[in-house]
Each structure stands twice: as structure tokens, then as C-alpha cells.
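Enquirer: Residue numbers (my numbering), protein chains in the order written: chain Y, 1 to 254; chain F, 1 to 325; chain H, 1 to 325.
Everything hinted at is true.
List of simulated lysine-lysine pairs, DSSO-like, C-alpha gap at most 27 angstroms: (1) H:K65 - H:K316; (2) F:K84 - H:K207; (3) F:K84 - H:K107.
The set of hints was computed from the structure by calculation and includes no laboratory data.
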Amino acid sequence: MAEPLLEARGIVKSFGRVQALRGASFTVNAGEVVALIGDNGAGKSTMVKTLSGVHAPDDGEILFEGRPVSIPSPVAARELGIETVYQDLALAPDLESSANLFLGREAVRPGLLGKLGFLDKAAMRRRTEEAFTTLGVGVQDPTAAVATLSGGQRQGVAVARAVTWAGKVVFMDEPTAALGVVQTRNVLDLIKRVRESGLAVVLISHNMPEVMEVSDRVEVLRLGERVARFTTADTSMEQLVGAMTGALRNDEAS
Amino acid sequence: MSARWQRLATGSTTWIILILAGLIVAFSVLEPSSFSTVNNARNLATNAAILLVVSVGMTFVIITAGIDLSVGSVLVFAGVVSAKAMNGMDGDGAGVILVGLVVALAAGLGWGVLNGLLITKARVPSLIVTLGTLGMALGLALIITNGVDIREVPPKLVTGIGVGRAFGEIPWLVLIAVGVAIFFGVLLHATRFGRHTYAIGSNEEAARRAGIAVDRHLIAVYGISGLLSGLAGFLSLARFATTTIGGHATDNLQAIAAVVLGGTSLFGGIGTVLGTVVGVFIPAVLENGFVITGVEAFWRDVAVGAVLIAAVYLDQLRRRTQYRD
Amino acid sequence: MRKWAAVLLLALAAGTVAACGDDDEGGGGGASDSGGSDYKMTLIAGVKGDEFYITMNCGAQEAAKKIGATLEFQGPDQFDAAQQTPIVDAVAAKSPDAILIAPTDTKALFAPITQAAQNSKIVLVDTTLDDPSMAVSQIASDNVGGGRTAGETLLDLIGGKGKVMVVNVKPGISTTDQRGQGFEEAVKGKPGVEYLGQEYSQDDPAKAAAIVTATLAKHPDLKGIFAANLFSAEGAASGLRQAGKEDQVKIVGFDAGPKQVEDLEAGIVQALIAQQPAEIGRLGVEQAAAALDGKETRPEIGTDFEVITKDNLAEKQDALYKPSC
Numbered sequence: 001m002a003e004p005l006l007e008a009r010g011i012v013k014s015f016g017r018v019q020a021l022r023g024a025s026f027t028v029n030a031g032e033v034v035a036l037i038g039d040n041g042a043g044k045s046t047m048v049k050t051l052s053g054v055h056a057p058d059d060g061e062i063l064f065e066g067r068p069v070s071i072p073s074p075v076a077a078r079e080l081g082i083e084t085v086y087q088d089l090a091l092a093p094d095l096e097s098s099a100n101l102f103l104g105r106e107a108v109r110p111g112l113l114g115k116l117g118f119l120d121k122a123a124m125r126r127r128t129e130e131a132f133t134t135l136g137v138g139v140q141d142p143t144a145a146v147a148t149l150s151g152g153q154r155q156g157v158a159v160a161r162a163v164t165w166a167g168k169v170v171f172m173d174e175p176t177a178a179l180g181v182v183q184t185r186n187v188l189d190l191i192k193r194v195r196e197s198g199l200a201v202v203l204i205s206h207n208m209p210e211v212m213e214v215s216d217r218v219e220v221l222r223l224g225e226r227v228a229r230f231t232t233a234d235t236s237m238e239q240l241v242g243a244m245t246g247a248l249r250n251d252e253a254s
Numbered sequence: 001m002s003a004r005w006q007r008l009a010t011g012s013t014t015w016i017i018l019i020l021a022g023l024i025v026a027f028s029v030l031e032p033s034s035f036s037t038v039n040n041a042r043n044l045a046t047n048a049a050i051l052l053v054v055s056v057g058m059t060f061v062i063i064t065a066g067i068d069l070s071v072g073s074v075l076v077f078a079g080v081v082s083a084k085a086m087n088g089m090d091g092d093g094a095g096v097i098l099v100g101l102v103v104a105l106a107a108g109l110g111w112g113v114l115n116g117l118l119i120t121k122a123r124v125p126s127l128i129v130t131l132g133t134l135g136m137a138l139g140l141a142l143i144i145t146n147g148v149d150i151r152e153v154p155p156k157l158v159t160g161i162g163v164g165r166a167f168g169e170i171p172w173l174v175l176i177a178v179g180v181a182i183f184f185g186v187l188l189h190a191t192r193f194g195r196h197t198y199a200i201g202s203n204e205e206a207a208r209r210a211g212i213a214v215d216r217h218l219i220a221v222y223g224i225s226g227l228l229s230g231l232a233g234f235l236s237l238a239r240f241a242t243t244t245i246g247g248h249a250t251d252n253l254q255a256i257a258a259v260v261l262g263g264t265s266l267f268g269g270i271g272t273v274l275g276t277v278v279g280v281f282i283p284a285v286l287e288n289g290f291v292i293t294g295v296e297a298f299w300r301d302v303a304v305g306a307v308l309i310a311a312v313y314l315d316q317l318r319r320r321t322q323y324r325d
Numbered sequence: 001m002r003k004w005a006a007v008l009l010l011a012l013a014a015g016t017v018a019a020c021g022d023d024d025e026g027g028g029g030g031a032s033d034s035g036g037s038d039y040k041m042t043l044i045a046g047v048k049g050d051e052f053y054i055t056m057n058c059g060a061q062e063a064a065k066k067i068g069a070t071l072e073f074q075g076p077d078q079f080d081a082a083q084q085t086p087i088v089d090a091v092a093a094k095s096p097d098a099i100l101i102a103p104t105d106t107k108a109l110f111a112p113i114t115q116a117a118q119n120s121k122i123v124l125v126d127t128t129l130d131d132p133s134m135a136v137s138q139i140a141s142d143n144v145g146g147g148r149t150a151g152e153t154l155l156d157l158i159g160g161k162g163k164v165m166v167v168n169v170k171p172g173i174s175t176t177d178q179r180g181q182g183f184e185e186a187v188k189g190k191p192g193v194e195y196l197g198q199e200y201s202q203d204d205p206a207k208a209a210a211i212v213t214a215t216l217a218k219h220p221d222l223k224g225i226f227a228a229n230l231f232s233a234e235g236a237a238s239g240l241r242q243a244g245k246e247d248q249v250k251i252v253g254f255d256a257g258p259k260q261v262e263d264l265e266a267g268i269v270q271a272l273i274a275q276q277p278a279e280i281g282r283l284g285v286e287q288a289a290a291a292l293d294g295k296e297t298r299p300e301i302g303t304d305f306e307v308i309t310k311d312n313l314a315e316k317q318d319a320l321y322k323p324s325c
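Let the hints inform the model, and build the full structure from the sequences given.
Expert: In C-alpha cells form, the structure reads like this:
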């Protein structure tokens, strides 16, 4: 079996006196959807932020395609091909969709103008519309400020951004938490489409039915450590909940 | 496409242009032979030019959800050191004046970068930092001059730029102010630098996570504000032939009012240079029009305050109805 | 829809306020008293809230009524060139027949007043310019003489010896510069008298008070202060009261505003050198009318001053400045 695409081993991370991760581990394989679940305070978001370069771990190691790497900043994560859809979406509400999609990676005009930093807004808008169409994101007016969009549309923009740029892995932190039924369905379909395109997806979710539906594997965090790993097809919601609450511990952990 | 035009029609910049147009029309109707003359328009523009230069810099700062209270003091300081430099040199030709300009710009830039460093590295809020530099810059200017205005300025500076006109018609001060507005307007609206400015004001954390060097960018933005305050100090020297130390205590508030009137949000993320230009002219037109029609000075302040509140109210209304939570 | 109404209402409101403004002076086309010259004049003060200029306006209004002219009163909020210039420009736009003005800076106001002179007769009242050639008349108190009298009066009060200082306004104002000059002439070189020099209050009573308390800290044996204008005198008296030194230090003040008269009665200020602002205003209107009638004008007119003490206060009531007409 091929080596894992991205692997975290024994990550320790504290914030002041609170130890969010106490030697936690996590594994993602290429082309799969793996769900990272755990109760509140288990350390899921911290793990995501560590692997996407927002936080620096106090201890532990990270391996990418088998080689040890360090991910000191969001840019470093991007260079490895890792993109993230944060729980708060990290969108600039006053800017339009294409501006958000290209945030930090703006397309510039060719030639001298480009060297001076002149934006190619038309190109960015065009590519945004293409991405939206491909991924089925329904935003009527691409030049409208993101703050005027509904929660589901904003989620779509954030996901489209991650997917458009991602080379290898997309992290999604609670993507359906604030959405209605129809919008949730759209996001889940979106996740499947992303996997079909060859990217790996890490899905953090509280929602067990969702997890059962889209993921290939499930890893469980509890109190800052990995306590269980499952193959979705071979498990049940009861087992997952049991692992989260600590009633069940699984030999395959760590 | 049509959604875009719709947004343009209801945008706050459009509104404020309409209000300015309404005022101009009203005063022209009341006093056609006094208000709507070329001379009066020229004087209006000249009197507004220096504040416009400062306000353009302030626009950038407020779009990043910051504030710069030090602009008036930096203006005075830059004028003082520039005058000292020019008086300390032999002769008073173009070379000396150029040195004066460079000194003023450098002084302004220095204060601006200091503001930026304190705000980003020391993590002190911009309101407090710029309040501090407001005091320091003015204090240093007073120390250097002993509290007495410097009233020796190369005459060519005054006759050339201060009161001089390009093509015999357009005052140089107005031309320079317009040039500044156009240059920085393009910077803000068409370049990566401008977009990053909006992004940081709209959601600083998102900008950081997107890989934007936020701290460096903010230092540059406050540097711009300082640089333009320095330029304004030089222009003020050219206009009044004296450093007018005591006359800039409320420049900061006037600039902030102009920027906010123009539709820039104090919460950051939204704003235009065009709006600021209009925002500078509304109080200027009000004052000019009221004096011409014989209204007492106190009504001017009431009117400007009322228009300011109305403009911000309209902006808030627009946000509430268009933005969803 | 609602928003269009708001814009229209705002423009209408501004226009209404502006239109109402004209009713203040003269009532437009009413029957005039004698001669019916129908001249339109404007008096631009150095600063609005100063009883000196208000009294000047009262005298000018009386004279205007006598010859059937209308006189408007304008002025900046602070004694500052940058604030007075837009007002001069706006008044000039109306092209009144004559403008009476007290320039706030001998250099900076030259350009705007020259421009105004193209269409209006100019009379310089109180202060003047380095180059007054565009004016038909300059009317002011003999400020050098006034300063000298102040010096002599102060020396009398302190028994001929001790430390004395001047709280002046800011350099570049012709009148106060001359008062300082006259005072210096009177006290320099007198045996036993130590002249500490001039400090500048920037026409701010608070600053004047701060200057006095600071000087007392350095020279606790200060004997006498000459305060060169109204705000400086007010502030200097406050400073003495704050320091509790009203008995030790004598003040001679220039100008006789209500606050200063109170201080005189309370014994904090020992003498006031009162100018004749109403007379200046009256003469200003007369000279302007003469120029408009094509008659000869007097290029320079000096008005008198009076020394007011607690003892002669009762007889000199007419010489006091009024807070309103």
C-alpha cells in the first residue's frame, strides 16, 4: 500500500495552559475522503490549523509523501498543495467572489503593467465563473460582495477557492454546520465531485449521517489524542459515537 | 451586468455625488453671479486642495479599518523641517525648493512608518498610536521653532506653486491635488496593493491566512498617509508662506469627515478615492455658499454635521438592506 | 424613492437656510436714511468671537446706517490665516462695493486680498499687510504708542523696578508686534528693570495661562506682565489666579472686554489700555464710502487709546468693548 499522502505524528500544541493536542496523530491518503471526528474540545480544529500552517506545533512531526516537512505558514501549506476551508470561511465579506477566490494569488495583467501589480479583473472573474459552473456553486452575480450572499453560497465560494487551488489535499472544517437541507446536499455532492477529481478531502464534522455517507475512512480524536480509526464501510454510527465519548477504544489507534 | 449597474446606482458614492450636485445647484440658483463663477470655483478648489491631499492618505488608512490622527501634526512638522532646510541653504532657486520637497516627504514618510511599526509590531491600536504621534510631531515642531512660525520661504515657491497657475488658468495646487488623487485612486482600485488594502480592512485574519504580508502592508499604508501629510505640509508652506503651526489642530477630523462623507466605512473594507474627493468638497461648498448667501458661521457647522450624519446613515441603511448575516 | 426625496430635501434645506441668511442686515430694499448710497459692504474680522471686533462692527453698523449702506459681518472661528482665506475668497465672489478687513497675517493674506481688490474697495482695519498698496485706507490704533504707554503704566505700578514680561499673540500680526515693540522701548535699559522678553499665546487664553504659571515657576519674583491683546490678558489673569499670585504681580492688559473689566474690578488686572474699535469701524465705513464716491481718502489713520483703571472706570464706560451691539 502506498505511503500516506499527509501524516501527522504525535503533535503537541498548547495555548497558554490549555493543551489542545497531546501527541495526536492523523493520516490522509491520496484520493480518499477521510473524516476527522471528535467531541467539542477534542482538538480537531487545532489539528487542521496545524496542518494548514496557521499554528506551529510545539512537538511532533509532519510527513508529506513520506518526507518530513515543516509547515510554518499558510503559504508553505499551499506550496505543498494543501488548501483549507476554515470553519469561519476566512472570506473578506466586502470583496466580491472572484476577489476572494484569488485572495493572495491575484492574477495580474501581462507585461509591464503586471509587474507594477495591475490586476486582471476580467480574467479572475472568468475563471471564477468557470470554477463555479464546474462545482455547481450557484452565485448569480459574481461581482456582488460576498456579504450579500447566503450562507450556502458563501460556503460554496470558500470551497470553490480551496478546490481551485488545491494540488493534493483539501481540509474542510464543519462545512455544513450552518446550512439548510438543500445546501447541505449540495456541499456533500461537491465533496464527492472533489474526490473524483483526484484530490484528498479531510472532512471535519459533527454530523454522523454525513460522515457515514461521504467518507471512506474515519479517524477519531478525543481529548487531544487519536483514539480510533475506522473504515466507513465496516463501521456503524454507534461505534463512532462510542469512540468519541471514550466508551470504545480501537487497537488501530496511534 | 444589470445587477452591477443597479449597485452602482444605489452605491454610496453615487449618493454623495448627487448631494454635492444638489448643493451646487441650490447655491447657483440663489447667487448665480457670485457663486457660479470661474474665479469662485478656482478659489474653492484651491482652498480644498491641501485637505484633499491629506484625505487621500486617510482613505487608505480607514479602508484598513484603522485611523490616523497624526496627519495635522505631521503636516506642520514636515513644513517646519522643510522651511528650515531651505532657509539653511544658499540661494532660493529650483534646487533649493526641490530639497525642501524631499525633506518634507521624508519627514512625513518617517512619521508614517513609525506609526505603522508601532501599530503592527507593538500591537498598539491605531487610535492610540496616532494620538501619541500627533502630540510628538507637533511638540517637536514647536521645539524646533520655539513656538514661532517660520515666515521665510523661498519666494519662487510661493509665486510658482503657491499662487501660480498652469496654462494661466488652473492653480498648481489644484493640479497637484488632482494628480495625487488620480495616482492613488488607480493604486487603490486597479492594483494588487489596493486589493490587499481592502482585504485587510474587510477581514484581516482571512488576509493573513491567504498569505498576504499584513504587517508589511499596514506599514506601507501608514507610510502613505504620512508621506501625503508631508506633501501637504510643503504645499501649505507654498500657499501661505508661513508654517501656520497653530492652524492644523482639526485637520485630522476634517480629513476623517471627508473620507467618511465620501462613503468609506470606518469598519474598513469599503471606500473610494472619488468619494473622498466629493467628501472634501461638500464642507468646502457649504462654507463658501453660506458666506456668499450671508448665513452665519455657526449654521455652517450645523449643516456639515447634519450632512455627515445623513451620509453615514444612508450607508448603514444600504448595508443593512443588502448585506445578509 | 425615499432616497431621492432625502437628497432633494437636503438640498432644499441648505438652500432655505442660505436664503434666510440675507435678511439679517439692512432688510434689502427698505427706505434708506440719508443720501441713499445703497453701498454693500462686508466687514471681515480677525476672529469672530472677540469683543474687540464685535464692538468694531457695532460702530461700523451705525455709520453704515447713517449713509444708507448695508454691512455684513463675517469672520473665522480662529485667528488663523488658513481659516480666514476661504472666507475672504467667498466674500470676494460676491463683489461687494467695499470690504473692511483685519488680516490675520501680514504675508499670507496678501494674495486673497489682492484678488478681492479687483472688484471691491479695500479698507484695512486694525491689522495690516506688509504691502498694503491695494487698500484705500489703513485704520488702526497707534499700537507702538499704546505699547509704550502700557510699559510706562506698568513701571509705575511696580515701583520702577523688577522683572517684567510680555504675553503676546504670535509674530506676524502687525498690531501686536507693534505693541510689543512699544513696550520694549519703554522698559529696556531702565535701571533695576529686568525685561524677560515676549512669549506667544497663539491667541489662546489657556496657553496664556500656562505661560504665566510656567514663568512664575522659573521666576518666582516676577513683578509685572503686559498682555498684548484680549485673549492674552484673559489668560494671563487666569494664570495668576491659578498660581495665587494676584497680589504680587501686576498686569497691564490691552483691550477692555467684559472679562477683562471684571478682572480690573476684582483687582487682578491693574490697568487696561483700551483701543477705540467702534471708532475704527466708523472710520472704516466712512473711508470706504469716500472711495466709492470718488473722493479722496486718508491712507493712514491712527486712533487713540485710553488708560482705564479701577479708579476711573465709572467715567470711562463708553470706552469698554461690548459683547453685542
